[in-house]
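*Asks:* Sequence:
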Amino acid sequence: MPEVYVESEFAPLRTVVLAQSEVSIPASAMSSDDMRFLSAESRKEIAGGGDMKGFAPERQARWAGEREAFRAVLERHGVQVHRPRLLTPEEKAAAGDGYANFFARDPFFTIGNQVVEASMRFLHRRREVLPLREVMRDHVYPSDCTYVAVPMPEVAAPDDPTLGPGPFLEGGDVLVLGKKVFVGTSGLASNPLGIQWLAKFLAPYGYTVEQVRLHQRILHLDCALGFIKEGLLVASEEALLEGIPESLKEWEKITVDLDQATSLATNGLPLGPDVYVTDPEFSFLGQEIERCGVHVEYVDFSITRSLGGSFRCSTQPLLRKF
1 MPEVYVESEF
11 APLRTVVLAQ
21 SEVSIPASAM
31 SSDDMRFLSA
41 ESRKEIAGGG
51 DMKGFAPERQ
61 ARWAGEREAF
71 RAVLERHGVQ
81 VHRPRLLTPE
91 EKAAAGDGYA
101 NFFARDPFFT
111 IGNQVVEASM
121 RFLHRRREVL
131 PLREVMRDHV
141 YPSDCTYVAV
151 PMPEVAAPDD
161 PTLGPGPFLE
171 GGDVLVLGKK
181 VFVGTSGLAS
191 NPLGIQWLAK
201 FLAPYGYTVE
211 QVRLHQRILH
221 LDCALGFIKE
231 GLLVASEEAL
241 LEGIPESLKE
251 WEKITVDLDQ
261 ATSLATNGLP
271 LGPDVYVTDP
281 EFSFLGQEIE
291 RCGVHVEYVD
301 FSITRSLGGS
311 FRCSTQPLLR
321 KF
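The sequence shown runs 1 to 322 under the working numbering.
Just so you know, these hints were derived from the structure itself, not from any lab. Where is the CB? At the ideal position from N, CA and C, for every residue including glycine. Careful, some of the hints might be misleading.
As a list, the in silico EDC-like pairs of lysine to aspartate or glutamate whose alpha-carbon atoms are at most 20 Å apart [stated by the list, open to error]:
| id | residue 1 | residue 2 |
| --- | --- | --- |
| 1 | K321 | E75 |
| 2 | K53 | E91 |
| 3 | K253 | D274 |
| 4 | K179 | E3 |
| 5 | K253 | E237 |
| 6 | K180 | E91 |
| 7 | K179 | E134 |
| 8 | K253 | E288 |
| 9 | K253 | E290 |
| 10 | K180 | E252 |
| 11 | K321 | E230 |
| 12 | K179 | D144 |
| 13 | K92 | E134 |
| 14 | K180 | E7 |
| 15 | K249 | E238 |
| 16 | K249 | E288 |
| 17 | K180 | E210 |
| 18 | K180 | E242 |
| 19 | K249 | E237 |
| 20 | K179 | E238 |
| 21 | K321 | D274 |
| 22 | K200 | E210 |
| 23 | K180 | E230 |
| 24 | K321 | E7 |
| 25 | K249 | E230 |
| 26 | K321 | D144 |
| 27 | K179 | E41 |
| 28 | K253 | E230 |
| 29 | K321 | E3 |
| 30 | K179 | E230 |
| 31 | K249 | E210 |
| 32 | K53 | E68 |
Now the in silico label distances, taken between C-beta atoms and shown as ranges [said to hold, decoys possible]:
| id | residue 1 | residue 2 | range |
| --- | --- | --- | --- |
| 33 | G231 | P204 | 37 to 45 Å |
| 34 | P2 | A149 | 17 to 25 Å |
| 35 | A94 | R59 | 19 to 27 Å |
Could you build all of it, start to finish, from the sequences and the hints given here?
*Replies:* This is the structure:
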């Protein structure tokens, strides 16, 4: 029987879902303020919208290559890697203006032995969980775990820039530390109603949930805060509107500025308390982490990062435990 359990962000990673590299950015989204989390250069590269396979095939190939290089690192460290399937033509057609199958962190998440399908805010990402359902059938259904979904978001008026009341709750906003769960909200992804739902769902299992308010340029909490090992974190204090959460203030911290955070400096991935994966762009960060006794692996993720996510965003653990 497959085991499903996530103890913390830095417990040894044993089983993980690694994203595919498939997205069509809606042209309408590129003129929206909701894309403010992307750099001006990144917005320019995808300004016309559409599937990268069509308008930038060489870039698409490099992107897929980044994910394969990351997979090799995961497997070298003994991590079992699962992949979602690709979108079908019918799913792409049904999505209308844009579709997504590119960041496995957000459409579902795992807390302890609770697997939760998320409720995505961006319209082109609302079906992103579908290619992951085969993973659910093969590894979640047979496991002794709970499997639920956040309520479907309400339909918003066409001119509502908030995209309605939700509830919205996305995996990139969810950080797990034992029985404590931190959930970010910036106005771009998870919202207070989604956080309220999660707190209500988890309370009978002994979890507490803390909301963390984020700068408006930050998409998810893991773009502002990351746990490396017990007592060590990386954070952009500019991106955390109320500062480091009180329960984490005694931790040793490595700081990055807001621009580095929006470039995904905090979105590396611990493979356990002794190994951390980041981009060579952040070698300055890697050197600080190495000084704290953690081995750092480097993978070039520049194309992935240009789309708004990095190593944590590209993965969702199914088994992380000591």
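*Asks:* If a hint holds in the structure, say so; if it does not, say that too.
*Replies:* Now the hints, each set against the structure:
{"no.": "1", "hint": "K321 / E75", "in the structure": "holds (17 Å)"}
{"no.": "2", "hint": "K53 / E91", "in the structure": "holds (17 Å)"}
{"no.": "3", "hint": "K253 / D274", "in the structure": "holds (16 Å)"}
{"no.": "4", "hint": "K179 / E3", "in the structure": "holds (19 Å)"}
{"no.": "5", "hint": "K253 / E237", "in the structure": "holds (10 Å)"}
{"no.": "6", "hint": "K180 / E91", "in the structure": "violated (36 Å)"}
{"no.": "7", "hint": "K179 / E134", "in the structure": "violated (28 Å)"}
{"no.": "8", "hint": "K253 / E288", "in the structure": "holds (10 Å)"}
{"no.": "9", "hint": "K253 / E290", "in the structure": "holds (13 Å)"}
{"no.": "10", "hint": "K180 / E252", "in the structure": "holds (18 Å)"}
{"no.": "11", "hint": "K321 / E230", "in the structure": "holds (13 Å)"}
{"no.": "12", "hint": "K179 / D144", "in the structure": "holds (19 Å)"}
{"no.": "13", "hint": "K92 / E134", "in the structure": "holds (17 Å)"}
{"no.": "14", "hint": "K180 / E7", "in the structure": "holds (10 Å)"}
{"no.": "15", "hint": "K249 / E238", "in the structure": "holds (15 Å)"}
{"no.": "16", "hint": "K249 / E288", "in the structure": "holds (19 Å)"}
{"no.": "17", "hint": "K180 / E210", "in the structure": "holds (8 Å)"}
{"no.": "18", "hint": "K180 / E242", "in the structure": "holds (18 Å)"}
{"no.": "19", "hint": "K249 / E237", "in the structure": "holds (11 Å)"}
{"no.": "20", "hint": "K179 / E238", "in the structure": "violated (27 Å)"}
{"no.": "21", "hint": "K321 / D274", "in the structure": "holds (14 Å)"}
{"no.": "22", "hint": "K200 / E210", "in the structure": "holds (12 Å)"}
{"no.": "23", "hint": "K180 / E230", "in the structure": "holds (13 Å)"}
{"no.": "24", "hint": "K321 / E7", "in the structure": "holds (5 Å)"}
{"no.": "25", "hint": "K249 / E230", "in the structure": "holds (13 Å)"}
{"no.": "26", "hint": "K321 / D144", "in the structure": "holds (15 Å)"}
{"no.": "27", "hint": "K179 / E41", "in the structure": "violated (40 Å)"}
{"no.": "28", "hint": "K253 / E230", "in the structure": "holds (11 Å)"}
{"no.": "29", "hint": "K321 / E3", "in the structure": "holds (10 Å)"}
{"no.": "30", "hint": "K179 / E230", "in the structure": "holds (14 Å)"}
{"no.": "31", "hint": "K249 / E210", "in the structure": "holds (14 Å)"}
{"no.": "32", "hint": "K53 / E68", "in the structure": "holds (17 Å)"}
{"no.": "33", "hint": "G231 / P204: 37 to 45 Å", "in the structure": "violated (29 Å)"}
{"no.": "34", "hint": "P2 / A149: 17 to 25 Å", "in the structure": "holds (20 Å)"}
{"no.": "35", "hint": "A94 / R59: 19 to 27 Å", "in the structure": "holds (26 Å)"}
Hint violations for this structure: numbers 6, 7, 20, 27 and 33, all remaining hints satisfied.
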